[in-house]
Every structure is written in structure tokens, then in C-alpha cells.
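J.: Line by line, the protein sequences give chains A and B. Those letters in the first sequence? Residues 561 to 887, per this note's numbering, in order. Those letters in the second sequence? Residues 822 to 1122, per this note's numbering, in order.
The set of hints was computed from the structure by calculation and includes no laboratory data. We put the CB at the ideal spot given by N, CA and C, even for glycine. Do not take every clue at face value.
[Said to hold, decoys possible] SDA-like, lysine to any residue: derived pairs with alpha carbons at most 25 Å apart:
| hint | chain 1 | residue 1 | chain 2 | residue 2 |
| --- | --- | --- | --- | --- |
| 1 | A | K773 | B | M870 |
| 2 | B | K854 | A | V694 |
| 3 | B | K854 | A | T610 |
| 4 | B | K1012 | B | N984 |
| 5 | A | K773 | B | P1039 |
| 6 | B | K854 | A | D786 |
| 7 | B | K951 | A | T610 |
[What the hints assert, rightly or not] Derived list of chain B stretches under chain A, where covered just means 3 residues or more per stretch with a C-beta under 8 Å from a C-beta of chain A:
| hint | stretch |
| --- | --- |
| 8 | 873 to 881 |
| 9 | 896 to 910 |
| 10 | 952 to 962 |
| 11 | 986 to 1000 |
| 12 | 1064 to 1077 |
For reference, the chains in residue letters:
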Amino acid sequence: MAVFPSTAAAQARGKYRRGQGARQAPDSGPAPTRNRGPRRTQRSAYLFLTPIAIGFLVFYVWPLLQTLGFSFTSFGVFGGNTWVGGENYERVVQDVTVGRALRNTLIYTALGLCTLPVAIVIANLLNRRGLRGVAIYRALYFIPFITLPSAVGLVWNWLYNGDFGMVNQALSVIGVDGRYWVSDPTTAVYAIGLVMIWSQIGYYLIIFIAGIKAIPQDYYEAAELDGAGPLRRFFSITLPLLSPSIFFASVICVINSLQQFDLIYVMTSANNPALGSTESVLTLFYQWAFEENSQGAAAALAFLLMLLIALLTYVQFRLQKRWVHYA
Amino acid sequence: MPESATPESAMPAPATAGAYGGTAGPRRRRFDKGSVATHAVLCLGAVIMVFPFVWQVLTAYKTMPESVQVPPSFLPESWRGDAFREVFSALPFLEMLGNSLLNTLGRTLGQLVFCSLAAYAFARMQFRGKNVLFAIFLSVLMVPAQLLILPQHQIIQEMGLLNSVPALFLPGMFSAFGVFLLRQFFMSLPKELEEAARIDGAGSLRIFWSVMLPLVRPALAALAVITSMWSWNDLLWPLVVNTDPEAMPISAGLTSLEGQFLTNYPVLMAGSAVASLPMLILYLLLQRHFVQGIALSGSKA
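In isolation and in its complexed conformation, chain A is listed as follows (with noise of 0.2 Å):
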């Protein structure tokens, strides 16, 4: 809070003015109470902040300093660190498990974003008017999301399991050969890509069956009765109006898709041959921090991942005027 200060006199001579105005006018409704009350107020305020600023300036602003620091900086084994400049920003620009790590986390994103198709679908299915059992799906649709992760994972691993999983043994029937899904090193990512979808269908759900409630209902009798039929007016109709709900859907998605973590760590456990295949950036961080002592690299690595998350939510939010129409 050392900002404090500097910007203490603006607001003194605000508070002055405000002061004086009450002052001036004492017979004016509020003023009186105004005119005792900041003083105290003022320091209850404080007292009422005091807690969080403690907890804010120890685990969030303290660290976040302290990451920029240790990614200049070379961790020895028995202690003993030292300054090294951008080593370990070299490192992770020329390491190539980052760049694997980077296409992973990429294809997540991917994969991620095809669940708006997806959930924009079903929210406009569960829109149809007079359709009973609505909150009956959303409730089903939306268990997988709160879910914790590592079952969800263990959960899935079973049912891709290679030899007696419950995806091979559908595949089967339908003469379709299944594989190790989640060993195979090919399939891998999109294995746990399928999973990320599944379980976040629900949560996007519910952005965008609230977005489509607040399309006015004229907007569709008046088209109806131009003669639009569904897909008319799903497309002229339902999904323009519906962009701002979508865009806000897929700036989430990304910054949700990047920082994927819990599926991959649980679906590939360390004995598994597609380890580094599925590898995300979040993962390598974990690696490289907790498992083989290269915090320095970590630390550059996740403001590589920082700086990877603003570009592309920039990007979004300048590629918005293109496509989101506000009502």
C-alpha cells in the first residue's frame, strides 16, 4: 500500500471540498450527519479493509514480486541462489518440452472452445417454449461440472480404459477397434480434450440459457410471421443477439482452457507412456517447480503463461466489434 501517499493529497483536497460544501449549507438534509460522520467512518473503513489487505499483501502482492524475482534467478540445490539475468527465460524459450507443452495447452484451447457449439445447441433446445423437464436436463447436465476433477479423471481413465473400458466395448459393437486412448500418445490429448469438454457443457449452459431468455420474445413472433422458419431465425435471430453472452463465454473458455491442470495431472499418471503428450503448460510448470527443482524456470515459465493468457484474451477483445452486436 505504498501507493498510498502519492495520491493522498488529491483525495485530501476532494475531501476538503466536500467539507466546505457542507459547511456552507448545514441546513441541507444529509449534510449534518456527512459532516460528523467521515472522520470515524474513514476509520472504520480502513479497519474494515485491514484484514483482506493483510491476507492480499502476504499471499498475493508479496509473491507475485517475489515470482518476478525468482525468474532471475538460479536456485542451487543445498540453497545459495543467484542472480542470472534472463537464463531462465532462455530456457524456456528454447527448452522443446515448452514448446510441446505450448502446442498441448493450444489443442486444449481448441477443444475447449467447441463446447460453446455445443452448449449454445442444447440452451437453445432447452428454450423451446413449453417444454417440459427443463430444469430436470440442466440439473443433469451440469453434475459432471461440479465434480471434483481428479474423480472425474479416474472416473474416465476407467471407461477409455484400452482392454476393458466401457468406450471400446460400445466401439465394439459397432465393429469399431478401440485403443488405449489415454496411453496412446496420439490420442492422448484429445482423449482428455473430450473429457474438458464434458464436464464444462453444463457451466456454459447456464451463461447462455440465461442469454437467450433475454432475447425479446416480438423478435421471434415478428419473424415468424415473415415466414422465418427455426433455422432462420436461430441464425438471424437467436445467435446475434446472443454474441455478447458468447463472447463472454469464449474469453472465459480461454483463459479457463489454458490453464488446465487437474484432468491431465490425474488421466496421466506418472507411469503412463503418453506423459509428455498430453503435458501442459500448467503441468510442466508443476514439474518443474515442485518435482525437479528449477524454480527459476517455473517462474519465467508462468509469466510465459500470463503473457500467453492477456494476448489472447487482447486479441478477443479486439476482434469483438467484428462480431458482438449490443442490443
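Given chain A's structure and the hints, the job is docking chain B onto it.
T.: Positioned in the frame of chain A, the structure of chain B alone reads:
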């Protein structure tokens, strides 16, 4: 259901209600083809969403050879809870559940208290440096969690708290998101209530606690529910600070169960079912708050 019913009930008569999905036209009144098709698609989707859990529970009740039988049997031969017993004897599973519970309670209560105090100050009080402070809070919200984990781990270590329950919930008790969420709600309350209470001689804390806080109860409920969910499900942070099985929450415990039992799926399924049950129950009881909290939240943490 109530939401979907509103537009229709606003219509004067069912005959004039023009459908906009599936079969078009104002003549629609009976059970039409369109809604059958809609139900078919939605049911298929629901099966895909729920079947994995059904299979999880069925597998948990099977014996190991039964689970790998080809072709698979759908129902277990008998409903023995052997796998469940094994889960509880192989790991300190009860302790893990307890740790998860304490972690969830710690984070949730912490957020409710700290965030509501700060949110109230930001929403309803005038003080110096408010805008700057608020900007700092906003930036906390923007920083991705993994940037903080390394030093946070070090801080917990220096506090001597590694492998303890407080380690699980300490950083998570403070949430910028919680402050923003509650601030929005506090700002929407009328000023008169506070002024009346002040004239009656109530102090700031008193006004906050007895007048304002009860009015934002729905927001508190949404925050509580959503925080509980993230705390119960969180994996990365517990893996980092608590490596001792006795101190792990259930989310991390499942990964060590996986390491121990590899392909003994009945046991793995039993463990994962037990671990997900508490959140499922909470969800079924408090669905409305879940939905609201999630609609308000957006990203994790």
C-alpha cells in the same frame, strides 16, 4: 421450470402462443413431433452426462474379476461394499474427507467474513485512497494463480505450516472475486437504511452486521456455495503444500489412491464416488445458489 413457464403464462391464451423452436406455426397445441425430437436429443445428452457416474457406482460394487469381465456385466452380482471398505483401509480416507471439509469451511468462512467487510467498505463508505485500493484489488483478480504458487508455498513453509490443514485454506480465504461480487450487491441497497440506523446511534460495525449484511444474504449464499465447490475440488494447491497423506484433502488423496491401486477399478471408483458425493448432495440441496453463483463467477478461484 418456473423460468421456462413465465413467457407462456404471460400470453393470453395457448392458441396464440407462437412457438419459435422445432415445428413452427400457431396451430401447435398437442404433443408435437418437434418436442419429441427435442426430448430425444436432450435425453441422449443427459445419458452421456450421467452414464459415467452410473458406471462408476456400478463398478464400485463389483469385484475385481467381475469388473474386467468380457463382455461386461451391467449390474454387480451382489451389492457388496468390499471396494469401499478397502478404500477406507488403504488410505487415511476419513482424515482426508475431514481435511477437505475443514479446507472448505476455512476458505468459505474466511471469504464470507473478509470479503463482505471489504466489499461493504468499498460500496458504502467514503475514505481516502479508495480508488487506488480498489484498483489494486482489481489487479489481484487478474493475476493467474500459478504465478503465485511458488512463493506462496515458500511462505507457508516459513510459517511452518506445510502438511497442515491451515496450509490448505490460508491463501484461499482472501478472494478479490468475492469482494467484487458482494460489492455489487451492497451498492444496490438503498441509502436510507444506513442513515436511519446511524441516526439511531448505531456504529459502523453494527450497521454492517445487523442492517446491511442480512440484506445481501442471497449473494452471500452464492459466494459460499461457489467457494465451497472450488475448495472441495481444488487439486494443485493441496498437492503443493500437503504431501503427507494424513494432511491431504480428498482431491489429492484420490491421486495417491490411483498410484496405489493402478488398475483396480472397483476400488478407484469407490474412492472417487465417495469423494464426489458431498458436493453432489450440496448441489442437489442448493441448486439455485449454485446456478446463481456460477452465473456470477466466470473463472475459477
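J.: Please list, smallest to largest, the hint numbers that this structure does not respect.
T.: Failing hints, ascending: 3, 4 and 9.
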